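J.: Letter by letter, the chains look like this.
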Amino acid sequence: MRPSPISQLRLLVPIKRCIDYAVKIRVNGSQTGVDTNVKHSMNPFDEIAVEEAIRLRERLKDQVKSIKVVTIGPAKAVETLRTALAMGADSAIHVEVPETLVPEPIGVAKTLRAIIEQEGGVDMVIMGKQAIDDDAGQTGQMLAGLLSWPQATFASKIDVQADLKSIEVTREIDGGLENMKCRLPAIITTDLRLNEPRYASLPNIMKAKKKPIQKLTPADLKIDLAPRLETLKVTEPPKRQGGGRVDNVVELIEKLRVAGIVAS
Amino acid sequence: PNSLLLIEYRGGEIDSGTLSALTAATSLGGQVTGLIVGNSEEVDGVVEKASKLKGLNKLLRVSSPIYSPPLPETVTPLMEKILSSSQFTHVVSAHSSSAKSILPRLAAKLDVPAVSDVTGVEHDQSSSSTTFTRPIYAGNAIATVRAPESIPVKVFTVRATAFDAATDGEAVEVETVEPVEVSDIPVEHLGTSLTKSDRPELGSATRVVSGGRALKNAETFNKVLNPLADALGAAVGASRAAVDAGYADNSLQVGQTGKVVAPELYMAIGISGAIQHLAGMKDSKLIVAINKDPDAPIFQVADVGLVADLFDAVPELVEKLKK
Chain A
-13 MRPSPISQLR
-3 LLVPIKRCID
7 YAVKIRVNGS
17 QTGVDTNVKH
27 SMNPFDEIAV
37 EEAIRLRERL
47 KDQVKSIKVV
57 TIGPAKAVET
67 LRTALAMGAD
77 SAIHVEVPET
87 LVPEPIGVAK
97 TLRAIIEQEG
107 GVDMVIMGKQ
117 AIDDDAGQTG
127 QMLAGLLSWP
137 QATFASKIDV
147 QADLKSIEVT
157 REIDGGLENM
167 KCRLPAIITT
177 DLRLNEPRYA
187 SLPNIMKAKK
197 KPIQKLTPAD
207 LKIDLAPRLE
217 TLKVTEPPKR
227 QGGGRVDNVV
237 ELIEKLRVAG
247 IVAS
Chain B
97 PNSLLLIEYR
107 GGEIDSGTLS
117 ALTAATSLGG
127 QVTGLIVGNS
137 EEVDGVVEKA
147 SKLKGLNKLL
157 RVSSPIYSPP
167 LPETVTPLME
177 KILSSSQFTH
187 VVSAHSSSAK
197 SILPRLAAKL
207 DVPAVSDVTG
217 VEHDQSSSST
227 TFTRPIYAGN
237 AIATVRAPES
247 IPVKVFTVRA
257 TAFDAATDGE
267 AVEVETVEPV
277 EVSDIPVEHL
287 GTSLTKSDRP
297 ELGSATRVVS
307 GGRALKNAET
317 FNKVLNPLAD
327 ALGAAVGASR
337 AAVDAGYADN
347 SLQVGQTGKV
357 VAPELYMAIG
367 ISGAIQHLAG
377 MKDSKLIVAI
387 NKDPDAPIFQ
397 VADVGLVADL
407 FDAVPELVEK
417 LKK
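Here the protein sequences line up with chains A and B, keeping their order.
Using the numbering used here, the letters of the first sequence map in sequence onto residues -13 to 250.
Using the numbering used here, the letters of the second sequence map in sequence onto residues 97 to 419.
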């Protein structure tokens, strides 16, 4: 006899639709933002988060009860959810906002808290350490703060303990690695080394079309997503004047000497 | 302005990122109070140095075993308490892995947004607003954002390469603050392993030698790049292509999804210069590129470009540098 019933883990994976990492970023003419009429895809760090959730299920089998993905974004963000469902997530929540509204991490964190409170029983939130558009890297830590949950940021390895009550996480810190034990429920943010995300197979893409996506609005969750910081402008970075050439190694060393890199 | 600066240190030395963050904090005008946490032995070893940082007006020292290492779960309640008992207008730190974990958690507790990785900061006393510049899209665009008066505490982290390091000055008053006990801490620190290398760490190195897919395989990657890195006292980096091909460890990746570096010297060896790679290194002071393909995009950003076979040029370069 087991002293207690077998528990099961419920995973929540917040994801974000971003401009694809391979697209060249152009500032728009009015300097209010960047040209968004380009290819988008899932934030690469969130892809790692989805992959990790799926791998946890592959390792723990039916001890992982559910993998739910959630996004806060415009109508098109539903494509990003479908990608995650095709990778192997079970179901999705789409908090739809107008295209012109760009929520801040604190707003996103409050939305996620409202969803977690509404869902109940979430054991682990796995999410990217940052999105490659605003590069803020705050949402996971903010969510952990709002919930007063432990946080394991920049994870490069996650081991769930046998009792499903805690995890051991290897974190990437400046200059090395740190090992932590973290009680569940917890927030985990993913770093690059955690895994390499899979590509969805065609049958799984077809299957994903039938998986449920729940639609919500910020109003449903009683959340105000209006940004509190004012974006005054977005500009091009200073242009780099490159194109200098040398003909051989001797000339190259001379340039290093002039720059003070090597001693004269 | 009345700023609280989280001071970080390692091995008895103040982190260089903290010195830059202090410069950013002093540029706001007003007072800067330093906060140093750790166990008593760690804090004792560094408090005197910290008290002499030029620009600080006061130093708070807090020691307890629960701050070694400083966990977000234990330091956040402490900072909340300090902020509730004094009129601080700004909370500042380096954009380090530790502070990045703590400050957003704190901001959420205070119900304010946070501003990450700032490269410029300006405070307007009359409107109690602070304007920041910060790179977005891995530095492919620069955003200027204002935190208005309605945000009572402005929480931000500082990109170290954008601000000079603060120097030493007169010792300031050190006040001992009681730790905030946290019952039943939900995390346990099991251990830290810092990469032991004779080479500098990629993120903070002043010189970086990076290799791309043209290095052919892991063995030649190391055989060609390591002697050059050693000759220059440089850290080793790699392009995403080289990492994906298994030539180099993920931790060495320079680029949009890897590390963003801005050293004095960046040498791109056999790297074509995809946008994602350029995003991670184009703020370097001097960029040197060696590539066989004269049309490689890396040459458009390189100050010094050499069209050559790297397997000839790099060994020759190493040999001549050694002389």
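Since the hints were made in silico from the structure, they are not lab data.
Keep in mind that a hint or two might mislead.
Pairs of lysine-lysine, DSSO-like flavour, derived with a Cα cap of 27 Å [what the hints assert, rightly or not]:
id, chain 1, residue 1, chain 2, residue 2
1, A, Lys143, B, Lys292
2, B, Lys419, A, Lys208
3, A, Lys25, B, Lys355
4, B, Lys418, A, Lys225
5, B, Lys388, B, Lys419
6, B, Lys205, A, Lys151
7, A, Lys167, A, Lys62
8, A, Lys167, B, Lys416
9, B, Lys205, A, Lys241
10, B, Lys319, A, Lys10
11, A, Lys219, B, Lys388
12, A, Lys225, A, Lys10
13, B, Lys177, A, Lys241
14, A, Lys143, A, Lys208
15, A, Lys225, B, Lys381
16, A, Lys10, B, Lys381
17, B, Lys312, B, Lys177
Given the structure is predicted, the values throughout are model-derived calculations rather than measurements.
J.: It remains to establish, for every hint, whether it holds in the given structure.
T.: The hints, checked one at a time:
no. : hint                : verdict
1   : A/Lys143 - B/Lys292 : holds, 20 Å
2   : B/Lys419 - A/Lys208 : violated, 69 Å
3   : A/Lys25 - B/Lys355  : holds, 24 Å
4   : B/Lys418 - A/Lys225 : violated, 34 Å
5   : B/Lys388 - B/Lys419 : holds, 26 Å
6   : B/Lys205 - A/Lys151 : holds, 25 Å
7   : A/Lys167 - A/Lys62  : violated, 38 Å
8   : A/Lys167 - B/Lys416 : violated, 50 Å
9   : B/Lys205 - A/Lys241 : violated, 51 Å
10  : B/Lys319 - A/Lys10  : violated, 33 Å
11  : A/Lys219 - B/Lys388 : violated, 40 Å
12  : A/Lys225 - A/Lys10  : holds, 14 Å
13  : B/Lys177 - A/Lys241 : violated, 54 Å
14  : A/Lys143 - A/Lys208 : violated, 36 Å
15  : A/Lys225 - B/Lys381 : holds, 13 Å
16  : A/Lys10 - B/Lys381  : holds, 22 Å
17  : B/Lys312 - B/Lys177 : violated, 55 Å
Hint compliance for this structure: hints 2, 4, 7, 8, 9, 10, 11, 13, 14, 17 are not met, and every other hint is.
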